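Protein chains: 2
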Amino acid sequence: MSKYSVIGKRVHRVDGPEKVTGSAKYTFDIVLHNMLYGKILRSPYPHARIVNIDTSQAERLIGVKAVVTGKDTLGRKQSTWRRFPELCDEEILCRTKVRYIGDPVAAVAAIDEDTAEEALDLIEVEYELLPAVFDPMEAIKEEAPQIHEGVELNINVTRHIEWGDVDEAFKQCDYIREDHFKCSSQAHVCMETHCAVASFGYDSKLTIWTSTQSSYYIQALVADMLGLREGDVRVIKPHTGGGFGSKFELDSAQFCASLLSMKLCQPVKIVLSREEEFTATKRRTPMYYSVKLGAKKDGTMLAKEVRVITEGGAYTGMGATALYLTGFFSSFPYKYPNYRYDGYRAYTNTAPASAMRGFGAPQSTFVGESQIDMLAEDLGIDPIEIRRKNGMTPDYEVPGQAHIQSCGLHQCLDKIDEHIKERGELPPNRGIGVSAYGFMSGGIFNWFDTPYAFSAAIVRINIDGKVDLFTGACDIGQGSDTTLSMICAEELGVHLDDIRIHAADTGICPADLGAWGSRETLMNGNAVKMAAADAKRQLLEFAAAKLGANIVYDMDIKDQWVHMVDRPERGLSYFDIVKDTIRGRDGETIIGRGHYTPHRKGMISPAYSFGVQAAEVEVDTETGKYKLINVTTAHESGTVINPVGIEGQLEGAVMMAGGYGFCEDQPMDEGKILNPSIADYKLIRSLDMPETKILEVDTYEPEGPFGAKEAGEGLTNPTAGAIGNAVYKAVGVRINDLPITPEKVLKALKEKKQQAE
Amino acid sequence: MSKYSVIGKRVHRVDGPEKVTGSAKYTFDIVLHNMLYGKILRSPYPHARIVNIDTSQAERLIGVKAVVTGKDTLGRKQSTWRRFPELCDEEILCRTKVRYIGDPVAAVAAIDEDTAEEALDLIEVEYELLPAVFDPMEAIKEEAPQIHEGVELNINVTRHIEWGDVDEAFKQCDYIREDHFKCSSQAHVCMETHCAVASFGYDSKLTIWTSTQSSYYIQALVADMLGLREGDVRVIKPHTGGGFGSKFELDSAQFCASLLSMKLCQPVKIVLSREEEFTATKRRTPMYYSVKLGAKKDGTMLAKEVRVITEGGAYTGMGATALYLTGFFSSFPYKYPNYRYDGYRAYTNTAPASAMRGFGAPQSTFVGESQIDMLAEDLGIDPIEIRRKNGMTPDYEVPGQAHIQSCGLHQCLDKIDEHIKERGELPPNRGIGVSAYGFMSGGIFNWFDTPYAFSAAIVRINIDGKVDLFTGACDIGQGSDTTLSMICAEELGVHLDDIRIHAADTGICPADLGAWGSRETLMNGNAVKMAAADAKRQLLEFAAAKLGANIVYDMDIKDQWVHMVDRPERGLSYFDIVKDTIRGRDGETIIGRGHYTPHRKGMISPAYSFGVQAAEVEVDTETGKYKLINVTTAHESGTVINPVGIEGQLEGAVMMAGGYGFCEDQPMDEGKILNPSIADYKLIRSLDMPETKILEVDTYEPEGPFGAKEAGEGLTNPTAGAIGNAVYKAVGVRINDLPITPEKVLKALKEKKQQAE
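Chains as they are written, first to last, in numbering that gives the first Met the number 0: chain A, 0 to 756; chain B, 0 to 756.
Any given hint might turn out to be false.
Now the stretches of chain A that chain B is said to cover, found in silico as 3 or more residues with beta-carbon under 8 Å [unchecked claim]:
#1 22-30
#2 520-527
Quick list of in silico lysine-lysine cross-link-like pairs, DSS-like style, CA-CA up to 25 Å [claimed, not checked]:
#3 Lys8/B with Lys18/A
#4 Lys204/A with Lys465/B
#5 Lys465/B with Lys18/A
#6 Lys204/B with Lys204/A
Which chain B residues face chain A? A few, computed with CB under 8 Å, are given here [unchecked claim]:
#7 Glu161
#8 Gly163
#9 His418
#10 Ile462
None of these hints come from the bench; they were simulated from the model. Only a predicted model underlies this, so the values are computations on that prediction, with no experimental measurement involved. From the three backbone atoms N, C-alpha and C, an ideal C-beta is built for every residue, glycine too.
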């Protein structure tokens, strides 16, 4: 018998049939009896005091059932950083002040969307305009307008990380360079916009169906904001059309639908328009980097000093975490003996900048991987070689921060080295750039101050052997329902279709932090594996009794066969043992429980994935336009649970991170986003996609379920840097300012030509 | 502090707010995307062979999506008597033969009900008519047509119960009388007709929302009939508008909707019309009784011999149980030292006769309580007195059948005696009749052959102290959600609104036999109490540790206060201890489990309720019409959990059992029910309702949760007998043939007058 029966196999997604037949229900598809439709009125000004809101005309419009403003709220402020009250700064429905174009000021519930929309026009808001500031560099100046009361210099959060003796180390360097980079904003552009159906009943209980990455966060935050007990709020995540970091904070659709429903005791649905999605939800944090890097002649990097200022936008959101992670990942994936990071997040009168796939790491990886290539060139060292010399290795301790157990970076470097050699001599204006990276498998930090285990699972085995798996994990399209079902089936020794997963419904599933930070495979996977093992143990007790086995024999289940490990032919059918066990326990179903919270794994994450990516581009030197020809990635994520899932993650990541490096941007004019539509916001579409390839690397993570670790966000980190390095390899110009657009390339080519002349 | 904080209190139903505001969702209210509507074609003949079914025209009708017949099924036969395959005799969609007017032969799914209805007319069924038999006395004759192949004399089930030496005992009797009785049919007349929404998805999983008394039975039966695994079928019971015994068998709406949905991969809703409800669902079993009763001069009853033939209708259904229970309850509530019962269930070409509230006991109680009054009169003994002399007492063993622990019959007799005395001398043509009775608190028999515990519950405590209670119990209007929530709150020491119940959804709740046989308060109550105790124990461990209590002290929780039993002022807040416990367990929620299956409690039930009812009537001797003036009941159900619930049960029972005694009937002509509408089927309506009163009796049942036992069906048993006895007391005529209509009374009065002349 092979080692694994389910994991590592190419299986169909458990939600595949529903999705391909169009029968999968998303929040948008939910229609409740008597349901109303809500719309949200948003500030047209980047910074203004609310003098008065007159809703009387809107309320008189036929078909309008309710209008709410900040006065209808408890006036509480929130964020997911509950542990730090000063970072809970967002009211959602503003009471006294708006801080960006898009800040919600009122919401309407009406019999249809058109009526609600019409009512918005009838709400009269009297504003007193205030001076606004959009650039973080300006925002931190003495003379800048103050965006939040009591926050001096608009500095929202500061972060400091340091180890070794950085100043001393720089003195010992043979070579030091200092560079500046700018990382742009990016929109998540989920297929499904933010949306919620909220139903508050006469039983004083609130149920919310919503597109979310964390049912539990929304449950807890809504309860607090509306003055309800958590247990009286049930959040159900139907099928979800993407999250990418945009959907684990409480959003205006969820909050306003809930508030309106509570006022009316009627269900209310709010679906954000695509324009609202672009202008009034959160986005990737723009960052300004100054980096000083020192090395010995042989390429050994001795010291790094990073200073970052981020454009925070109007509220904290998850931006505080992005500020921390970009600092931590600026040291990745290398062994800097001396390191210092200072990060500052500035409030600005722009849409809040927060979490997005990679969570600060795509920025730091672009910066770090651009600079290491510069260093390598300066010192005349091969880019792969300099990464080999400094790259992390297994069992490496990031001083005071993290313990890295498994690490396959060097195997990845070997694979990519081989790949580049195979490509051989390239035609003119073509280049291959490489970028190494690492990422976490879920975060250890508990800024949400959850009292619950980070992940938990319940496995129930019924009389027919069918297994109900309950988990709070949120499948937002990334495939966690499939991955967790596979882990459950493998551990329990049954088939994938023996598992029926119930996920992300706070009414029936254990609390779970949700889908962010690439945590589900490792954290939920561990909880699921433990729950399945707990259930299996109960079966094996009865099986051992029935087989009359000598107690020294180990027993296990595989392919629905309960057997002795060393004599697999001696066994019994799983189905029979399930029946016997339930009978033996007076008819009680078998329930296994598992929960996982990382301990003694440092401050960041219990495990890290690593990888190296090579991007090949071809530049048209006449126009600056370039094509992505091929993106090849060696990603090591420990044991691969779901190979098809990883391929999907890779393709999606290349599309998204390629867009980040290549074309995506959110230009603003006085705080107003200029391209709030899919027509104007440039994405990489299927026809622009390069050939993608994944190179297998075999590692094993002791902390992960069956040795697995993340394969989600990490893949988003390398591409911008690899593109930048590839453009440089192709035509010798380097762009430090994302995205690397044809305009910038052409301008740099011209400047280079002028310099040469 | 008083003994109980929650139980015994007059609380609002937990489903009250939803119901009184009209926001409660019933199966009828469920509308799914792409949902179709189904209709069922039924046999117009009582007995016929199906020669051919041509569905081609119906299939061509625009708007029709599918037509199914018996050929689309696996040809399996079912009933809830799974342990006895020969009693599984109902195909639902008949393949070769129809056996009653209403037997389903085809079903249609279409875009709306009208189209489906129209399509039914286009289905051409060629029948070969067969001779039919309607009267059970005829059906068991040699020359009668055979309704089921291989079933000789159409005898479907026989039952024999015997103890003592009956023949010898009769020899020792001073007085013997033999009487014949006929008990009529009765319709359940639920406010909500049978209905189901079935949705079979591309994931090959079937979800059914249905009005049922047992989600689990329907899950198991549908799975078997459609060849699915139980775990792939999820049955959800929304709010339910009554069951009364009619809704724990698989019905045509559930089966046809599921079959159609499986064929189409689209949701299908079927709601039976009121006419179908009367003609093509099951009904109370008509019974023919011959009873021989022997006593000593002093009224001590020595021997009873009962022979019953029941009109079974076309299929077994739950009729086999009714046959057994009417035999067992024919000995109730008296201590017969010698007893013999022979029961025969005959197949007839009428709608299947099966379970209805009381389940055979209203019949046997009418018969027994009529006859004991005759005996008392013959011997010149007061009716209360003869019941006192023979009535059951605590710790009584029904030989070989049952062990009765608590029994408050004698207190009930005292209360009713007092009540009658209080009424004093009555005007002419008025009379008070009494009737004593007993009933079970759930059945021990496992003809369904469930491998699961009879009841199970899971209690989950969340960080905010809110408690999720998961149970398979089915609240069909009787209030089990409230009763079980009260039990959970009491045991856990929290408030009723701390509990949130999740019930009767096989996807998330433990398996449970459902709501029948008055089992939920005792059986589910025990499981819930155990689950709550299990959760509480976990809290008390942490509380004891925190309080540093000497380990000999007992601790408990009451009113959200965790304290030492003997020093209640020393304690801690429940909410704090919940937080501590979850924290102490690394964030795992607290889960308690409980399950209950009766053991060593005989063959029938773990506990029995008792009661005595007095009905006062006034007869108009000119017309035979009579009025129910007052019905007063002393019912002992052990500790009263939910007093408002018992009052509701009593009122409903007087209405339903009064109707059984007074006016309800289903006359037939050649197997055709003549009054299939609420206009023609006579019910007692609110204006006809007598004054009702409940007299409290204090008992304690050791096997029940907090000492509780049943207060549901038992209340349906006495009324027909009490009415019969009251009419006799009022005007001296006795009707042995239910219902006791004015016509029968007038006829008897005339006969009496003629005899006297």
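We went through each hint and held it up to the structure:
1. With 4 residues bearing a CB less than 8 Å from a CB of chain B, the stretch 22-30 of chain A meets the requirement of three and the coverage assertion stands.
2. Check result for the stretch 520-527 of chain A against chain B: violated, 0 residues qualifying (beta carbon to beta carbon below 8 Å, three or more required).
3. For the proposed pair Lys8/B and Lys18/A, the alpha carbon gap of about 50 Å is over 25 Å, so the pair is violated.
4. Straight-line distance between C-alpha atoms of Lys204/A and Lys465/B comes to about 12 Å, which keeps the hinted pair within the 25 Å bound.
5. Of the pairs offered as hints, the one joining Lys465/B and Lys18/A is violated, with about 35 Å between alpha carbons and a cut-off of 25 Å exceeded.
6. Restraint check for Lys204/B and Lys204/A: the C-alpha separation of about 30 Å exceeds 25 Å, so the hint is violated.
7. Interface restraint check: Glu161/B against chain A, minimum CB-CB distance 31 Å, threshold 8 Å, status violated.
8. Annotation: Gly163/B was flagged as interfacial toward chain A, and the flag is violated, the nearest CB pair being 34 Å apart, outside 8 Å.
9. The beta carbon of His418/B is not positioned within 8 Å of any beta carbon in chain A (closest approach about 39 Å), and the interface hint is therefore violated.
10. A hinted interface residue such as Ile462/B counts as satisfied when its beta carbon comes closer than 8 Å to some beta carbon of chain A; here the least separation is about 5 Å, so the hint holds.
Checked against the numbered hints given earlier, the structure breaks hints 2, 3, 5, 6, 7, 8 and 9 and satisfies all the rest.
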